[in-house]
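Trainee: The residues making up each chain are set out below.
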Amino acid sequence: MRLTGITLSVIPICIACIAVREGAERGTFFAIIASLVFCLSGVADGPLYIVLLSLTAALAGAICDNFYTRSFVPALVLSFMGLALCETVIFLFRVNTTGTDPALWQTVLLPQIMVSLLAFPLFYLGAWAISRIAR
Amino acid sequence: MKKQFFSKRLRILMIAAVVLAVFLAVLSTISGTNTTNLVQTVMGPIRSLTASVTRSVERFYNYAFHYESLEAENTVLKEKIASMEEAVRAVDTLQRENERLRELLSIAEDHEDYRFLSADIIAWDSSNWSSSFTINKGVEKGLTEGMCAVTEFGQVVGLVTAVGNSWATVTTTLDSSMEISASVSSSGYSGVCEGSYRTGEAGSLRLSYLPTDAVMKNGDQVVTTGSTLYPQDLILGYVSDAGLDETGMSKYAILEAAVDFNTLEQVFIITDYETN
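Listed in order, the protein sequences are those of chains L and C.
Here the working numbering is used: position 122 in the first sequence is 122, and no number is missing along the way.
Count along the second sequence from 1, then add 1000; that gives the number in the working numbering.
No lab work stands behind these hints, which were simulated from the structure alone.
Among the hints, erroneous ones may be present.
[Said to hold, decoys possible] Straight-line alpha carbon distances no greater than 25 Å define the calculated SDA-like cross-link-like pairs of lysine to any residue that follow:
id	chain 1	residue 1	chain 2	residue 2
1	C	LYS1008	L	ASP65
2	C	LYS1080	C	SER1048
3	C	LYS1008	L	SER131
4	C	LYS1217	C	TYR1252
5	C	LYS1078	C	LEU1264
6	C	LYS1008	L	PHE29
7	C	LYS1008	L	MET81
8	C	LYS1078	C	ARG1047
9	C	LYS1008	L	VAL95
10	C	LYS1078	C	TYR1252
11	C	LYS1008	L	ALA34
12	C	LYS1078	C	ASP1260
13	C	LYS1141	L	VAL43
14	C	LYS1217	C	VAL1239
15	C	LYS1217	C	MET1084
16	C	LYS1008	L	PHE30
17	C	LYS1217	C	TYR1238
18	C	LYS1141	C	ASN1165
19	C	LYS1008	L	THR69
20	C	LYS1008	L	LEU55
21	C	LYS1141	L	SER41
22	C	LYS1008	C	ILE1030
23	C	LYS1080	L	VAL43
24	C	LYS1080	C	ALA1090
25	C	LYS1008	L	ILE63
26	C	LYS1008	L	SER41
27	C	LYS1008	L	VAL43
28	C	LYS1217	L	VAL51
29	C	LYS1217	C	THR1228
30	C	LYS1008	L	LEU85
31	C	LYS1080	C	TYR1252
32	C	LYS1141	C	ALA1162
33	C	LYS1141	L	PHE29
34	C	LYS1141	C	TYR1238
35	C	LYS1008	L	PRO74
Since the model is a prediction, treat every value here as computed from it, not as a measurement.
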């Protein structure tokens, strides 16, 4: 989905929200399954997404398990970190493999991260609802 | 006992993720699009449904911020502009080549050898670094890699670069991997048209390798010169800027793409045409 000319990247947010609500292990397992489907749907750099999304879930879940509570603000911070991690690594990978202009971090990468974060409340609400129903 | 940051099970999951990623990277190299084809076939209906929902949301958003009458007027004006441009194009071509004029006048009437297959766009590439989309027709409808996609006005959208049973991927002319032989309609200068999506000049194309003495003006139309992949005289874009390239040995022109990719919902694949 595109917003103001930017393709949103919501999967890392979704993964981070699930990991925060459900814990590191369940979150990482979900991330592996979700990224596997994402990869097999033919997306560019699919295998890289498997590693990055799993890492996002593991870090978000473990940090939340050890230092934070499972609430809105930690989920927002960890979603931002997960999103920044995934998109920055993908961007750097693209810069090194396909010759993408490094200057685009200002005009594309940064806006993509900030605009994508607008979708966070929606995914947090979904993850919260799922965890409530599961109980 | 001190609690570990990453539990044993979590570490196993991470190793599994890395192994899976390596395995899939190797598999995609060996088997090409076979695995993707299977998943795309299963997910095709779901993606169609999602696309229709997304489209509805986008329409609602547009409706909320634009008056309906303006949209209607915009549609009528676009049709008029396309019609007028077609007429202007015909005059230009008559001055140079009378035969070519007839071909450009109207795709539907003058290119009887073209066989079209209409397809709906069901998903755009979820990346900011390339420009492609998935359509809802595939091998079952006779599509093969390398076929050309155009709009109803005869503007080049891109090339079919991957095909599955009920889906295909079209890489647009904006993608930096695309190189199309093209010429300036009014003067006949030939060059290579490249996408510039990767360089951040989204929505623009670059016509390279023009003669250093080439004279162009803003708004000059650039069309395909024809190849085994593209029929002749399909519209690529309009000259918006020009200059000498980095080597100083040839000239280049920046083109504004003829297709409005933001509003593209349906494309027509040219499945067959007569080559000269």
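Trainee: Hints first: check each against the structure and report whether it holds.
Mentor: Right, here's what the structure says about each hint:
Restraint check for LYS1008/C and ASP65/L: the C-alpha separation of about 14 Å stays at or below 25 Å, so the hint holds. In summary, the hint linking LYS1080/C to SER1048/C is not supported, as the alpha carbons are separated by about 31 Å, beyond the 25 Å threshold. For the given pair, LYS1008/C sits about 24 Å from SER131/L by alpha-carbon distance, which is consistent with the 25 Å threshold. Proximity of LYS1217/C to TYR1252/C is assessed by CA-CA distance (about 13 Å); at most 25 Å being required, the pair is judged to hold.
A threshold of 25 Å between alpha carbons decides the hint, and for LYS1078/C with LEU1264/C the separation of about 13 Å falls inside it, so the pair holds. For the proposed pair LYS1008/C and PHE29/L, the alpha carbon gap of about 14 Å is at most 25 Å, so the pair holds. Taking the CA atoms of LYS1008/C and MET81/L, the gap is about 23 Å. The hint holds against a cut of 25 Å. Of the pairs offered as hints, the one joining LYS1078/C and ARG1047/C is violated, with about 30 Å between alpha carbons and a cut-off of 25 Å exceeded.
This hinted pair does not check out: LYS1008/C and VAL95/L have alpha carbons roughly 35 Å apart, beyond 25 Å. This hinted pair does not check out: LYS1078/C and TYR1252/C have alpha carbons roughly 29 Å apart, beyond 25 Å. For the hint linking LYS1008/C to ALA34/L, the alpha-carbon distance of about 22 Å falls within 25 Å, and the restraint holds. Of the supplied pair hints, the one linking LYS1078/C and ASP1260/C holds, its CA atoms being roughly 11 Å apart against a limit of 25 Å.
For a cut-off of 25 Å, the pair hint linking LYS1141/C to VAL43/L stands: about 23 Å separates their Cα positions. Restraint check for LYS1217/C and VAL1239/C: satisfied, since their Cα atoms lie roughly 7 Å apart, inside the 25 Å limit. For the suggested pair LYS1217/C and MET1084/C, the alpha carbons sit about 19 Å apart, so the restraint of at most 25 Å is met. For the hint pairing LYS1008/C with PHE30/L, the CA-to-CA distance comes to about 17 Å; that is within 25 Å, so the pair holds.
A C-alpha spacing of about 10 Å is found between LYS1217/C and TYR1238/C, which places the hinted pair at or below 25 Å, so the restraint holds. For the suggested pair LYS1141/C and ASN1165/C, the alpha carbons sit about 8 Å apart, so the restraint of at most 25 Å is met. In summary, the hint linking LYS1008/C to THR69/L is supported, as the alpha carbons are separated by about 22 Å, within the 25 Å threshold. A threshold of 25 Å between alpha carbons decides the hint, and for LYS1008/C with LEU55/L the separation of about 15 Å falls inside it, so the pair holds.
A threshold of 25 Å between alpha carbons decides the hint, and for LYS1141/C with SER41/L the separation of about 21 Å falls inside it, so the pair holds. Taken as a hint, the LYS1008/C and ILE1030/C pair is broken in the structure, with Cα atoms around 33 Å apart against an allowance of 25 Å. About 38 Å separates the Cα atoms of LYS1080/C and VAL43/L, which puts this hinted pair outside 25 Å; it is violated. In summary, the hint linking LYS1080/C to ALA1090/C is supported, as the alpha carbons are separated by about 15 Å, within the 25 Å threshold.
Proximity of LYS1008/C to ILE63/L is assessed by CA-CA distance (about 15 Å); at most 25 Å being required, the pair is judged to hold. Distance hint between LYS1008/C and SER41/L is unfulfilled; the C-alpha atoms sit about 30 Å from each other, more than 25 Å. A threshold of 25 Å between alpha carbons decides the hint, and for LYS1008/C with VAL43/L the separation of about 31 Å lies outside it, so the pair is violated. As the CA atoms of LYS1217/C and VAL51/L are separated by approximately 50 Å, the hinted pair breaks the 25 Å bound.
A C-alpha spacing of about 29 Å is found between LYS1217/C and THR1228/C, which places the hinted pair above 25 Å, so the restraint is violated. Only pairs whose Cα atoms come within 25 Å are accepted, and LYS1008/C paired with LEU85/L is accepted, the gap being roughly 23 Å. Proximity of LYS1080/C to TYR1252/C is assessed by CA-CA distance (about 31 Å); at most 25 Å being required, the pair is judged violated. A distance of roughly 14 Å separates the Cα atoms of LYS1141/C and ALA1162/C; the hinted pair therefore holds under the 25 Å criterion.
A C-alpha spacing of about 38 Å is found between LYS1141/C and PHE29/L, which places the hinted pair above 25 Å, so the restraint is violated. A distance of roughly 33 Å separates the Cα atoms of LYS1141/C and TYR1238/C; the hinted pair therefore is violated under the 25 Å criterion. This hinted pair checks out: LYS1008/C and PRO74/L have alpha carbons roughly 24 Å apart, not beyond 25 Å.
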